[in-house]
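Number of protein chains: 2
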Amino acid sequence: GWARAVRGLLLDVSGVLYDSGADGGVPIAGSAEAVRRIKASGLKLRFCTNETQATREKFVKKLQGLGFDISVAEVTAPAPAACSILKERGLRPHLLVHDDLVPEFAEIDKTNPNCVVIGDAAENFTYANLNEAFRVLIGMEKPVLLSLGQGRYYKETDGLKLDVGAYMKALEYACDVQAEVVGKPAKRFFESALAEMGVPPEQAIMIGDDIVNDVGGAQRCGMRALQVRTGKYRPSDENHPDVKPDAYVNNLAEAVDIILRQL
Amino acid sequence: GWARAVRGLLLDVSGVLYDSGADGGVPIAGSAEAVRRIKASGLKLRFCTNETQATREKFVKKLQGLGFDISVAEVTAPAPAACSILKERGLRPHLLVHDDLVPEFAEIDKTNPNCVVIGDAAENFTYANLNEAFRVLIGMEKPVLLSLGQGRYYKETDGLKLDVGAYMKALEYACDVQAEVVGKPAKRFFESALAEMGVPPEQAIMIGDDIVNDVGGAQRCGMRALQVRTGKYRPSDENHPDVKPDAYVNNLAEAVDIILRQL
Chain L
1 GWARAVRGLL LDVSGVLYDS GADGGVPIAG SAEAVRRIKA SGLKLRFCTN ETQATREKFV
61 KKLQGLGFDI SVAEVTAPAP AACSILKERG LRPHLLVHDD LVPEFAEIDK TNPNCVVIGD
121 AAENFTYANL NEAFRVLIGM EKPVLLSLGQ GRYYKETDGL KLDVGAYMKA LEYACDVQAE
181 VVGKPAKRFF ESALAEMGVP PEQAIMIGDD IVNDVGGAQR CGMRALQVRT GKYRPSDENH
241 PDVKPDAYVN NLAEAVDIIL RQL
Chain Z
1 GWARAVRGLL LDVSGVLYDS GADGGVPIAG SAEAVRRIKA SGLKLRFCTN ETQATREKFV
61 KKLQGLGFDI SVAEVTAPAP AACSILKERG LRPHLLVHDD LVPEFAEIDK TNPNCVVIGD
121 AAENFTYANL NEAFRVLIGM EKPVLLSLGQ GRYYKETDGL KLDVGAYMKA LEYACDVQAE
181 VVGKPAKRFF ESALAEMGVP PEQAIMIGDD IVNDVGGAQR CGMRALQVRT GKYRPSDENH
241 PDVKPDAYVN NLAEAVDIIL RQL
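First to last, the protein sequences are chains L and Z. Residue 21 in the UniProt record's numbering sits at position 21 of the first sequence, with consecutive numbering throughout. Residue 248 in the UniProt record's numbering sits at position 248 of the second sequence, with consecutive numbering throughout.
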């Protein structure tokens, strides 16, 4: 079965551990207990999120408040991944991101920008800010655009919101450039999560609610991947033209039950 | 030569007659006189613009103020073209357009929208307005998005601005839908301008500064097309991979000189 020979788990957070919302969100039944059981089992564990509306510190504090055993050192997130790329390539970003994400870039030289980093800026997606990011990009000899994800939209308690991917497409079109996506489903992003766990892809399982970004992305790295029927899961995902998970599970608790039974 | 057997001219406005700007803009030398000479020659004439930041009335008044002999009845513009499509197909639009364009849709039923019309909304491209247009679209069984142009960006006196095409791409991506472009370079748009002149495409010449939207679009309708070296023209346009104008001219005045000499 799909649960054989596993040494490490990658868990998506929103939609797997909890359902997010302006009120802070609510835990998904059984998920906090499931995380504790993974840790007690000796399996390696990483939380692998595309969250870009807060620093990891703030994000982890919220999850601890919801009852999860999680620490900053266990989280793979797009902003620190972007920082590695920026340092590696000597890039100085102009940031179009959420105010609460800015501290993640504290160590990065942002003077005289030679690239644009776009995240889910939410209220910061103003006409003026979009034009400014565009002008920085179009002014470069060879525009470099890093995008912290490529989501289309998401749901909040007050309705659907356009996600970073939509604004990324606007800048891509205006500047005739292709963005480099830093979070899931980028191969490099999953690979750093695996490296941080010290587990090769064939011994790891990704568990997520997003058929494309979690399941498809992990499988392209040689991992197995499960889709949970919580969070943004929709029954139509089971007929996705390109991606087929190694298995469906009703929720994280069920996945952990099956995996631990096989150990 | 390219100027033979011509009975009608289609003129782009911004970049051919005048250069626009927050100050109202300035006429391009010789263009007002060129328009008068066309009219005196007996050639048919239409102004064919993608302008969507003002009603035709307001737009024409501005051009008259700059010394041009032009009337509302001579202008083909995206908003009235969109109104024909909306009526024809029984579509009730949610409008994401410039405040000054709204009166063009006065006759159109906008209750209980079953499509979205996007124009160059400028300051109306707020986070809230984009989310609202997105929610209307994604809520439809089969989303219908009409876009009043597909420009990438344009220049104003205070800098470059993202044009309607960038926001169109954002909504296309978020809703997994293809917009129907109503202005240039849409075939139907040029065809209505030709029908309004009563001239077949093979007897008409389009004169514009935009290599793709003016020249490419007109040629695909069977017209000849000239690119002027004014407005948004850039020397690199002369190496465009897909589009080659029938001729280049330094400006409208030069084109009209050559055309009238051949009559």
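These aren't lab readings, by the way, just hints derived from the structure by calculation. Treat the hints with caution; some may be incorrect.
The list treats identical chains as interchangeable, and a pair is accepted whether it falls inside one copy or across any two copies.
[Said to hold, decoys possible] Straight line, CA to CA, 27 Å or less: simulated DSS-like cross-link-like pairs of lysine-lysine:
hint: 1; residue 1: K161; residue 2: K58
hint: 2; residue 1: K44; residue 2: K161
hint: 3; residue 1: K161; residue 2: K87
hint: 4; residue 1: K142; residue 2: K155
hint: 5; residue 1: K232; residue 2: K61
hint: 6; residue 1: K62; residue 2: K44
hint: 7; residue 1: K44; residue 2: K232
hint: 8; residue 1: K244; residue 2: K142
hint: 9; residue 1: K244; residue 2: K61
hint: 10; residue 1: K155; residue 2: K87
hint: 11; residue 1: K142; residue 2: K161
hint: 12; residue 1: K187; residue 2: K142
hint: 13; residue 1: K110; residue 2: K232
hint: 14; residue 1: K39; residue 2: K161
hint: 15; residue 1: K142; residue 2: K232
hint: 16; residue 1: K39; residue 2: K110
hint: 17; residue 1: K244; residue 2: K62
hint: 18; residue 1: K39; residue 2: K142
hint: 19; residue 1: K44; residue 2: K155
hint: 20; residue 1: K110; residue 2: K244
Tested hints:
no. : hint         : verdict
1   : K161 to K58  : within (21 Å within a copy, 35 Å between copies)
2   : K44 to K161  : neither (34 Å within a copy, 49 Å between copies)
3   : K161 to K87  : neither (31 Å within a copy, 30 Å between copies)
4   : K142 to K155 : between (35 Å within a copy, 20 Å between copies)
5   : K232 to K61  : within (23 Å within a copy, 52 Å between copies)
6   : K62 to K44   : within (22 Å within a copy, 69 Å between copies)
7   : K44 to K232  : within (26 Å within a copy, 58 Å between copies)
8   : K244 to K142 : between (37 Å within a copy, 26 Å between copies)
9   : K244 to K61  : neither (34 Å within a copy, 60 Å between copies)
10  : K155 to K87  : neither (33 Å within a copy, 33 Å between copies)
11  : K142 to K161 : between (31 Å within a copy, 19 Å between copies)
12  : K187 to K142 : within (24 Å within a copy, 33 Å between copies)
13  : K110 to K232 : neither (35 Å within a copy, 32 Å between copies)
14  : K39 to K161  : neither (35 Å within a copy, 51 Å between copies)
15  : K142 to K232 : between (36 Å within a copy, 21 Å between copies)
16  : K39 to K110  : neither (39 Å within a copy, 56 Å between copies)
17  : K244 to K62  : neither (32 Å within a copy, 59 Å between copies)
18  : K39 to K142  : neither (46 Å within a copy, 46 Å between copies)
19  : K44 to K155  : neither (31 Å within a copy, 54 Å between copies)
20  : K110 to K244 : neither (41 Å within a copy, 42 Å between copies)
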